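Use these hints to put chain D onto chain U, whose structure you have.
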Amino acid sequence: MGSQPRLVEVRKNVLKQNDLVARALREQFRAAGVFVVSLVSGPGSGKTMFLEKTLTLLRQSYRVAALVGDLATENDAIRLARSQAPVKQITTGTLCHLEAAMVRNALDGWNLNDLDFLFIENVGNLVCPSSYDLGENLRLVLVSVTEGEDKPLKYPTIFNSADVAIVSKMDLAQAVEFDWHSAYGNIQAVRPGLQVFKLSAKTGEGIDEYLEFLAARLNEVRATVAL
Amino acid sequence: MHELSIAMSIVEMAQEEAERRGDVQVTAVHLKLGALSGVVKEALFSSYEMACEDTPLQGSRLVIEEVPVVVYCPSCRAQRPLNSAQLFCCAACGTPTSEVIHGKELEVFALEIQEWVHNPA
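Heads up: the protein sequence lines correspond to chains U and D, in order.
Here the working numbering is used: position 90 in the first sequence is 90, and no number is missing along the way.
Here the working numbering is used: position 95 in the second sequence is 95, and no number is missing along the way.
FYI, nobody ran anything at the bench for these hints, they're computed from the structure.
Computed from a prediction, not measured in an experiment: that's the story for all the values here.
Incorrect hints may appear among the rest.
To be verified - Quick list of simulated restraints, FRET-style, between CB atoms: (1) His181/U - Lys41/D: 31 to 37 Å; (2) Thr146/U - Ala78/D: 38 to 44 Å; (3) Pro74/D - Arg23/U: 26 to 32 Å; (4) Pro74/D - Glu27/U: 29 to 35 Å; (5) Gln114/D - Lys16/U: 21 to 27 Å; (6) Trp180/U - Cys93/D: 26 to 32 Å; (7) Glu115/D - Asn113/U: 52 to 58 Å.
Unchecked claim - BS3-like mimics (lysine-lysine), calculated; alpha carbons at most 27 Å apart, straight line: (8) Lys104/D - Lys154/U; (9) Lys53/U - Lys202/U; (10) Lys16/U - Lys41/D; (11) Lys53/U - Lys88/U; (12) Lys32/D - Lys154/U; (13) Lys202/U - Lys88/U; (14) Lys154/U - Lys198/U; (15) Lys12/U - Lys32/D; (16) Lys104/D - Lys41/D; (17) Lys16/U - Lys104/D; (18) Lys12/U - Lys104/D; (19) Lys198/U - Lys53/U; (20) Lys41/D - Lys154/U; (21) Lys41/D - Lys12/U; (22) Lys16/U - Lys32/D; (23) Lys104/D - Lys32/D.
We put the CB at the ideal spot given by N, CA and C, even for glycine.
With the rest of the complex left out, here is chain D:
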C-alpha cells in the first residue's frame, strides 16, 4: 500500500486544521486506523516522519488508535467483533455476515495543538 501518500494527506490535513485555528503548532496527530482500511500501521509511522520533514509538522507525533473490525450479526441482531478476516462471521453464533460496522476507518480524529513557542530575541 502507498503509505507515504496517505501520510502526506494526513500532514496536509493537519496543517490546514492548524491554520484554521490561528496558526498553532501541531504536536501530535491522532488517527483512527481500521483493520480493514488497507493501511499498515508500521509503514504509516515511518512514512509519517518522512512526510513531516520540512513542514511545520516536523517533529510531531502520530498517535494511532487501531480500530478492530466489528460486524453486524443478523441472527443475534447485535454488533460483534470479527475474529478473523479470513472468516467473516459472528464470533458468538457463527452466522456468516459481511456487514462491517467498524474497521474501515482512516480518520484524523484529533490534533494536539499549542501556541508556537518563540525564542526571545
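The shape of chain U in the complex, shown without the other chains:
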C-alpha cells in the first residue's frame, strides 16, 4: 500500500529570511532618513583606514556612525572610534560574512533619526558577502593597488553586487607598478558602468571627490523622501 511520490511546488528563496530582515531594515533606514553604505573587500585592502578617514572628514558636516564586522577582536572598532563617531563592533565568531539580522541586532540602542550616514564594514571577504543584503543604500567594493589588476576578474560576483568600486592605496601605485587602465578595464568588463573612485586614505588623494559623491547621494535620497 505504498503511495506514489508527488512533486509539490515550493518556490522559496533559501536566503529569504535574510531578505525579509534586510527589507525591513531598508524601510527603517528610509523612514529615518539615514543613508547606509556597506563596504566589502578582501582582508588587508585598507577598508578600516579608509572608513576611519571617511568618518573623521564627514563628521565635520554630518552625523555619522559605523558598524564593523570581524570574526574576532574589537581592534577595528577601536581604530574607527578615533574618529569620534559612534562605532559598534560585530564579532561573528566563525561566520564569514555579515547578515541582516546581525546589523539589526547591533543597531539596538541607536536612534537612526539622529544619523545622516551609517557605514557598515563587512568581514574582509570577497566571496560570501555577495549573497547577503544588509538593507544598505550603497554597496562599495574596495580593492587596493597591491592586490593586482585582475582582482575583479577573479571575483565577478561581488563586483556584480556592488554599486561603486574604490581603488585604494593609490599612494603605493608607483611602487607596485599598478596599471590603472588595466584595473579600470577589468572592473568595467565584469560590471559595465560601475562608478570607480581611486584614492589614498593616507595622503587624501581622491577623497574629496568621493565625499562629494556621498553627499550628493544623501541629498538625492532626502529629496525623494520629501516628495
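Then chain D, alone, in the frame of chain U:
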C-alpha cells in the same frame, strides 16, 4: 563559500514545508542554483548529505537545476545568455551590460513528497 550553512537552511526549509503538508516524507529537494549565486554545486551536494543526517530528510536527494546567467541587452532590447562572467556583455552584439535577469537564484522550487511508509507491527 559556506555551503554547509546553506545546506542546513535548505533542509530546514524542506522540513517546514513537509510539516505544513501534514507530516509527509521528503524524498527529494529540487533546487535552482544560479551561476552567480556564489554557491558551488559539488560542495553543496556533499554538505547536503551532512545536513540531512539525523533529520527526517536523511536519505533524501538534492536535485540541482543549474541556472545559467541571462542578461538584458539594451541595444538588442532582448534577453541574452552570458558567455563569460569575466566579460559582461551581450553574446549577440557585444554591448556591455550588467543587468542580470537570471543567474542569482538559490531557490527551493519543489519537493518530492510521499506518505511515510510504516513497517507493519
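Cross-check of the supplied hints:
1. His181/U - Lys41/D: 31 to 37 Å: Distance hint for His181/U, Lys41/D holds at roughly 36 Å.
2. Thr146/U - Ala78/D: 38 to 44 Å: Given about 41 Å between the Cβ atoms, the range holds.
3. Pro74/D - Arg23/U: 26 to 32 Å: holds, 28 Å
4. Pro74/D - Glu27/U: 29 to 35 Å: Holds, since Pro74/D and Glu27/U (Cβ atoms, about 30 Å apart) stay within the stated range.
5. Gln114/D - Lys16/U: 21 to 27 Å: holds, 25 Å
6. Trp180/U - Cys93/D: 26 to 32 Å: Hint holds: Cβ distance 28 Å, inside 26 to 32 Å.
7. Glu115/D - Asn113/U: 52 to 58 Å: holds, 54 Å
8. Lys104/D - Lys154/U: Given that 27 Å is the threshold and the Cα spacing comes to 17 Å, the pair holds.
9. Lys53/U - Lys202/U: holds, 8 Å
10. Lys16/U - Lys41/D: holds, 19 Å
11. Lys53/U - Lys88/U: holds, 17 Å
12. Lys32/D - Lys154/U: holds, 24 Å
13. Lys202/U - Lys88/U: holds, 23 Å
14. Lys154/U - Lys198/U: holds, 20 Å
15. Lys12/U - Lys32/D: holds, 10 Å
16. Lys104/D - Lys41/D: holds, 13 Å
17. Lys16/U - Lys104/D: holds, 13 Å
18. Lys12/U - Lys104/D: holds, 13 Å
19. Lys198/U - Lys53/U: holds, 15 Å
20. Lys41/D - Lys154/U: Holds, because 18 Å separates the two Cα atoms, which is no more than 27 Å.
21. Lys41/D - Lys12/U: holds, 18 Å
22. Lys16/U - Lys32/D: At roughly 14 Å apart (the allowed maximum being 27 Å), Lys32/D and Lys16/U satisfy the hint.
23. Lys104/D - Lys32/D: holds, 9 Å
Of the numbered hints given earlier, the model fails none.
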